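> Sequence:
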Amino acid sequence: MIFIVAFISALTFSVPAIADAGDSPTLKRIQESGVVNIGHRETSIPFSYIGANNEPEGYSIDLCHKIVDSIKEQLGVSSLEINYVPVTGQTRIPLIANGTIDMECGSTTNNLTRQKQVEYLPTTFITGTKIASKVGSGINELEDMNGMVIGMSAGTTN
Numbered sequence: 003m004i005f006i007v008a009f010i011s012a013l014t015f016s017v018p019a020i021a022d023a024g025d026s027p028t029l030k031r032i033q034e035s036g037v038v039n040i041g042h043r044e045t046s047i048p049f050s051y052i053g054a055n056n057e058p059e060g061y062s063i064d065l066c067h068k069i070v071d072s073i074k075e076q077l078g079v080s081s082l083e084i085n086y087v088p089v090t091g092q093t094r095i096p097l098i099a100n101g102t103i104d105m106e107c108g109s110t111t112n113n114l115t116r117q118k119q120v121e122y123l124p125t126t127f128i129t130g131t132k133i134a135s136k137v138g139s140g141i142n143e144l145e146d147m148n149g150m151v152i153g154m155s156a157g158t159t160n
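Using our numbering, read the sequence shown as starting at 3 and increasing by one per residue.
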């Protein structure tokens, strides 16, 4: 499974390259409203989850805060309000695409289908997909799973 802190980590490297708010409808809206709408996962530890203080935290959230700092610098403002919007594997891409959220701070895989809807920049995290089974189950290779029911999360690539 390849997890990529997609849109958010990508913006980490791209915000300084944006010429001005006039070049970006998203930056223009942020400048006019003073609000950045950040999509976050509630249980994607260690990337994005609800912490002990009942606020979003994690690696991706930290990257988003850096991006918000870059946006403030780019727009020449001292503060921006952050509006956190919970997202799921099924809602994260549509909410970016329709403008409900400005960026997603989670664990999103960059793939060709999603690239038709949202933009990605540099990858910040890579891992591999493995199948896990109970020790002693007799499952040692894919063929051992023929006819079995498997589970996966809706709206994800794995």
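Hints listed in this document are in silico derivations from the structure and should not be mistaken for laboratory results. Because the structure is a prediction, the values reported are computed rather than measured. Each hint should be verified, as a subset may be incorrect.
Claimed, not checked - Dumping the calculated SDA-like pairs for lysine to any residue here, alpha-carbon to alpha-carbon at most 25 Å:
hint, residue 1, residue 2
1, K68, A54
2, K68, E34
3, K68, N85
As the list claims (entries may be wrong) - Using C-beta positions, here's what the derived DEER-type ranges look like:
hint, residue 1, residue 2, range
4, M154, E121, 21 to 27 Å
5, E34, I128, 34 to 40 Å
6, G130, S81, 39 to 45 Å
Quick reminder that beta carbons are idealized off the backbone N, C-alpha and C, glycines included.
> All the hints need checking, so say for each whether the structure fits it.
Hint check results:
no.	hint	in the structure
1	K68 - A54	21 Å, holds
2	K68 - E34	20 Å, holds
3	K68 - N85	15 Å, holds
4	M154 - E121: 21 to 27 Å	26 Å, holds
5	E34 - I128: 34 to 40 Å	37 Å, holds
6	G130 - S81: 39 to 45 Å	41 Å, holds
Comparing the model with each numbered hint stated earlier shows that all of them hold.
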